[in-house]
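Note that the protein sequences, when read in sequence, are chains A and B.
First residue of the first sequence: 1107, per this note's numbering; consecutive thereafter.
First residue of the second sequence: 410, per this note's numbering; consecutive thereafter.
In short, the hints are calculated from the structure, not lab data.
Built from N, CA and C at the ideal position, the CB exists for glycine as well.
Heads up, some of the hints might be wrong.
Ranges between beta-carbon positions, derived for each pair [unchecked claim]:
1. Arg1113/A - Pro573/B: 33 to 41 Å
2. Gln1120/A - Asn579/B: 56 to 64 Å
3. Pro591/B - Arg1117/A: 54 to 62 Å
4. Glu435/B - His1116/A: 30 to 38 Å
5. Lys1125/A - Gly436/B: 44 to 52 Å
If you only want the chain B side, here are some residues facing chain A, beta carbon under 10 Å, derived [said to hold, decoys possible]:
6. Asp471
7. Glu473
8. His535
9. Pro591
10. Ile610
11. Lys613
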Amino acid sequence: MALMPKRVKHRKSQRGRIKGNATRGNTVAFGEFGLQSTQAGHIRATTIEACRIAANQYIRGEGKLYIRIFPDKPKTARPLETRMGTGKGEPDHWVAVVKPGTVMFEIAGASRDAARECFNRVAHKLPVGCRLVERRPGT
Amino acid sequence: MSTATKLTANQRSKSGSRNAHRLRLEGIVPANVYGHGKDPLQISVPAETARPLVASGHKVVDLEIDGATEKVLLREVQWDTFGNHLLHLDFMRIDAEQRILVDVPIHLRGTAPGIVAGGILEQPLHALHVDCLAIEVPDEIAVRINSLDIGQSIHVRDLTDLPPSVVIKNPADAVIVHCVKPSAVEDVAAPTPGGVEPEVIGKKKDDGEG
């Protein structure tokens, strides 16, 4: 099941703007390799789920995958073939807001080649540019 | 054991983010030196000498500022968002005989039999917080995993072959590395039931019709 919050304060949120680079969540914290975003964007919960499945199919039994982003922003949509007006649409899906520099996924216990191939498959599913990053010494 | 590396720096007169930005464009990293009751100094270090120092993992540095040499500890390193450029360095003045608290990276040595048997190696702890003499800061702490089987773990208390002056400050029962059995992976995502929404905090549920 795709990720979504259990409780929220408001059902709908405004669209917002994504400004600047990530100042937190921009280092590899749990594993040895990470997939870092180079662009800003919204990642749908279903996309994260697709990435998880793609990664687990490849690294099956060879490493552990960490998902560092969570879709906590609701996006609304209007029903098909309805006229404009009558207020904002109903919540349709959930997205994670990603800034350039955000480490979205991490892998522990896998070799560099395996991590590269795994993240290559994951990156194909993502709507933002990505790059492979390694744990920085001393962190 | 960490041997002191030499680093030459210049004192800088202009402070502030704009001047720091200009220095970075010229390939110079702004830095600070503080501690031991002396006035803090604003210095600048060439990036081409600072980067190898940071990459080497050496903590104790002989810092030469305008001809005078001080023994300092590399306390903090700031990187840009993508980890490509050094932004700032913090150096703390130390005495050679002083005991200091410092984070030392853990390096795993050997191949665990548990991995060969199909297990996954998980390392919750990547650095140890140690108390040691300033001149004896280890570059890394080696942890041998040659006998780590599936279901076994190595705790902080299991580390015995440490340098004599090093005292680990992490909890003794903290897990450094463990080998776990791979869990069954559910590949098929269950479809999200339509209309399921999270609970809205503070909103009262309708009592029903009427």
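Hints and how they fare:
The hint said 33 to 41 Å for the Cβ distance between Arg1113/A and Pro573/B, and at roughly 53 Å that hint is violated. The hinted window of 56 to 64 Å between Gln1120/A and Asn579/B is violated, with their beta carbons roughly 44 Å apart. One distance hint, 54 to 62 Å for the beta-carbon pair Pro591/B and Arg1117/A, is violated here, with the actual separation near 39 Å. Separation of Glu435/B from His1116/A is about 48 Å and departs from the stated range, judged on CB atoms against 30 to 38 Å.
Between Lys1125/A and Gly436/B the beta carbons are some 28 Å apart, a value that contradicts the proposed interval 44 to 52 Å. The criterion of a C-beta within 10 Å of any C-beta in chain A is not met by Asp471/B, whose closest approach is roughly 20 Å, and the hint is violated. Contact between Glu473/B and chain A, as hinted, is not supported at the beta carbon level, the nearest pair being about 23 Å apart and thus beyond 10 Å. A distance limit of 10 Å between C-beta atoms decides the matter here; for His535/B the minimum to chain A is near 7 Å, and the interface restraint holds.
Hint on Pro591/B holds. Least Cβ distance to chain A is approximately 4 Å, under the 10 Å limit. Because the beta carbon of Ile610/B sits about 5 Å from the nearest beta carbon in chain A, less than 10 Å, this interface hint is met. Taking 10 Å as the C-beta cut-off, the interface hint given for Lys613/B is violated, the closest approach to chain A being about 14 Å.
In terms of the numbered hints stated before, the structure departs from hints 1, 2, 3, 4, 5, 6, 7 and 11, listed from lowest to highest.
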